[in-house]
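Engineer: Following the hints, put chain A in place on chain P, whose structure we already have.
Read top to bottom, the protein sequences are chains P and A. Letter by letter, the first sequence follows residues 1 to 717 of our numbering. Letter by letter, the second sequence follows residues 1001 to 1320 of our numbering.
Certain hints may be false.
As the list claims (entries may be wrong) - Cβ pair distances, simulated, as ranges: (1) D125(P) / S1190(A): 29 to 37 Å; (2) G106(P) / D1053(A): 36 to 44 Å; (3) D125(P) / Y1058(A): 48 to 56 Å; (4) D1298(A) / G106(P): 42 to 50 Å; (5) N1228(A) / D125(P): 30 to 38 Å; (6) D1053(A) / T135(P): 52 to 60 Å; (7) Q1287(A) / L182(P): 49 to 57 Å.
Unchecked claim - Going by beta-carbon spacing under 7 Å, a handful of chain P positions derived as facing chain A: (8) F11; (9) D81; (10) V85; (11) D144; (12) D534.
As the list claims (entries may be wrong) - To give an idea of the chain A side of the interface with chain P (calculated C-beta under 8 Å), a few residues: (13) R1134; (14) S1186; (15) S1190; (16) L1205.
Think of the hints as simulated: they come from the structure by calculation, not from any bench. Glycine residues also receive a C-beta, built at the ideal position from the N, C-alpha and C atoms.
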Amino acid sequence: MKLRYGLRAKFLAVMVLMLLLMAAAVALMLHRQERMQSDVEAVSREAMQSIVDDSLRRRGEGTVDQLTESLANPLYFFDLDTIGVLIRAALRQPATRYVVVFDADGLIIHDGSDEIVPYGQPMEDPLAPSAVAATEQLTQFSDDIMDVTSPIMIGAQRIGGVRIGFDLQSSRAVQVEALGDLRTRLAEVGRRQLWWIALLSSALLVFSVVLLWLVQRWLVEPIRELAGSARQIESGDFDAQTPQSRRNDELGDLTRAFSRMSQSVARHDRDIRRMAYTDALTGLSNRLAFREALDRRLVQSNGAGLQLGLLFADIDDFKRVNDTLGHDAGDEVLLQFGSRIRAAVEKYGGESAMVARFGGDEFVILVQGSATRAGDVRAMTTRLADILVADLGLPIVVRNRQVFLSTSIGITLFPEDAASATALMKNGDVAMYQAKVAGKNCHRFYSRAMDQAAEHRVHLEHELRGAWDRGELSLAYQPVFRLSDRTLIGAEALLRWNHPEHGAIAPTVFIEIAEQSGLIETLGPQVLRAACQDAAQWQAASPFASPLFVAVNVSPRQLRNGDLPRIVAASLGEAGLAPQRLHLELTETAVIGDEMQASRLLTQLRATGVKVWLDDFGTGFSGLSHLRRVPVDGVKIDRSFVADILHDPDDLALTSAIIAMAHSLGITVVAEGVENEGQYALLRERRCDLAQGFWLGHPLAMDDFMDLLQIPATSAT
Amino acid sequence: MPLSGKSLSARLGTPVLVLLALLAGAGASTAAVAAPPAAVGDDVLVLGRISDDPKSHYDQLKPLLDYVVPRMASVGIREGRVLMARDPQQMASYLRRGRVDWVTETAGTAMLLRNRASARPLVLTERDGRSHYRSVFFARKDNSIRALDDMRGHSVAFQRPASTSAYFVPAAMLLDRGLRLEILLSPSDSVDAQEVGYLFARSELNIATWVHKGLVDVGVMSDLDWLNPRRLPPAFREDLVLVARSELYPRAVEMVREGLAPEVQARLSEVLLSAADDPEAGDALRQFFQTTRFLPVDTASARALDNIAAGMTRVREEVE
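Here chain P stands alone, though its shape is the one from the complex:
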């Protein structure tokens, strides 16, 4: 195990430091002890020397005293035999170097030897003169001798003396021996102390190890467990077993707090997960959850031979609900849709079916077929799709209003259509789009062809991007006449795309592509500028005729972009066209999306003199009430009304009502799609102001339209 500089290492370091300090203290103590030993030795040597000298002196003096006493009579009688015996007895005492008895003249009488060789001779040693002269006991020292001498008296008469020489050497030797003994004992004491110190050190070491173990057990291990647990939680494993502790200390508190915290974190994680994976409105899974579930299923099914089916359900024209009834109503609709889908799926989708809402009005259903029966999934999804289309087609009551909605469903199957989740989801989208294209309120299975169609669309979008610059796009102008006298008073600018490969492409197709891809925001101003310039040319071509207006369609996107008034002004200024000659046509829905903004913009535009018309009037949900709030100069009755005006009394009534109402508001009315004289006559009869249509005039290229202008108005077909 790698020992990082953690608690344990730190504690270990402290321990080591402590042990080092103790070792230093011990070393100091030992040093002191050594010093003390040598001091003790020195003091002892001095004391011993003084004691030894003192005792030697006392002994010597005592011995001499005694000897003097004993010698008096033998000396008096010259009893050399007895003197010899006494001297020899004295000589036998340890450390006695010599014993000499001398006469009153200081001549040697006896030295303890049998022969008494120096008998009668004077003593020659340095201490002799003072010894001989001494009248009382005298102790003298030389380097290695303590000489104690005493006169021997009979009464007051001094008959001689005795000298005893004590060997200091031998007493010194005794002293040295004693000191050696002392040293040995001190060393022994030192050794014993060393043992104690060693014992204490060992005890401390053991104590440290035990403490280390306790630290390990009490602190490090629980903390490591907590850290490990925290790491597990950090890596997302909230179910990890958190350390338990019944300890009644701070770490126990910490462990329990950690445990509670981890539970709380797990709970929060569950909440967050639920929020992250759940659609807040419907409570269904969201895109993320669905995507993960799909991935899981795909992994599971790999090799297991599972079959999966994805149903992409999109409410048709749901935007209209939001736009017309408000977002709250839209949400309610979505909730009801969600519950209907869930109910259907629960009933027919099999056990492992899953429903998710992908935001907006898009719901996705995942169903799982059995591995054993091929084609099972297709049948199941077909049935489910049929049921869903039917169920969702039933009217929904929202705020006491019945709303009729339909649903388009795209279906893709695994593993037939794609192997990856991304591809499957793209496929589902494509299939759903196809269902829309196919007329909505139906379901479509994904096919390769669909893919190609989608690819074609993408291709067109790409082509469209540079089409204006390449000159593939051009403007055609459909003449607009005054119904009362059938005079040409203007034209509606229409965009045409002549594709080099595919030829003329329907405006409904490429305008939608431009609208959806946002290209319209680039194309719109270009169209506006070109139309203004063309209109200015019309005026130049026939300066004396009454000036013609040009009507240009403005997409909702352009309206939402606040730049429109500026672009309009720039285009007019560039072309030198009077603002009254420009009519901007807006669809009803474009205006309704954001009434306030639209009103502001339109008011601004109209203030410059530009006319604003509502296109396709009558097809929306808005009703006429909007006309009060949105300032417009005219409305264009949708061609669907005009088409049946001769045969359908309802349409005629509606058209008549629109015209009457518009006129009451001071608004001009234009009829679109006039294709025969009967329609023309009826509209004139109903006092419609203006009209356009194939019967009156097809859209013409600029040059052709210029030609038309040369013809006097009266000679028009």
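Structural biologist: Relative to the frame of chain P, chain A by itself:
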């Protein structure tokens, strides 16, 4: 003051001793060895000795007594006892009063006892293989003294007044030579030119040392001591020379009291003389002052003893 007859002494002594015993208290009368000695019967043989160390001497005397007594049953001896006296006077008293039957002594003291208590020598005693010895005079070689006559005006060291070989015999010899002896106060005391100054040196070693160191001119001791290195250090002897010597005289004598039954004397003499040949007596003899044998008193020895006795008398009269 010689007393005659055992019966008389017994008759006189018994009441005195009984009185003494009564005065001394109970228990004293039963002691076999302790003084004062009680009167003993004819069946008891009492061995006496002059001693300043009765304790150790008792053990030296008793074995021989124990050897002798059983062998004297034929003459009526049933028991043996030891009795020691402090000095010759006391011993003489014991002998006179019949308290001691048998005394072992050196020649000089033996003669003293003969003079004072009429004791008579029974047998001669040979110790360490020497039955006789003599006194020798010696002086330093660098001294001019080479004969007794040269000693006039010089000093001589004797041992002590009780010594046979180192006092009585040599002093008698000097007196015989017509020399006058005068005691000196100390070795440094001056000697009259016509006299011989003498001193008691207390020990043979002192005598040897004094002579060797020139404290005195002449020293005297027995020839046994002369040859004993402990008495005369060999180093000294090299510097000394013998000046004169006495005739041989017995070393020690076993004395019996006057009046001891003749048959007892005879039997004791018989037992002692034959002891050296009896292995059973070996240990007892050896402990009896290193005795090697007992010898009969020959005429030469008897004459020597007479001479000693005469010399002692003369020394007493002329010197002391």
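Engineer: For a quick check of understanding: which of the numbered hints are violated here, in increasing order?
Structural biologist: Hints 4, 6, 8, 10, 11, 12, 13 and 15 not satisfied by this model.
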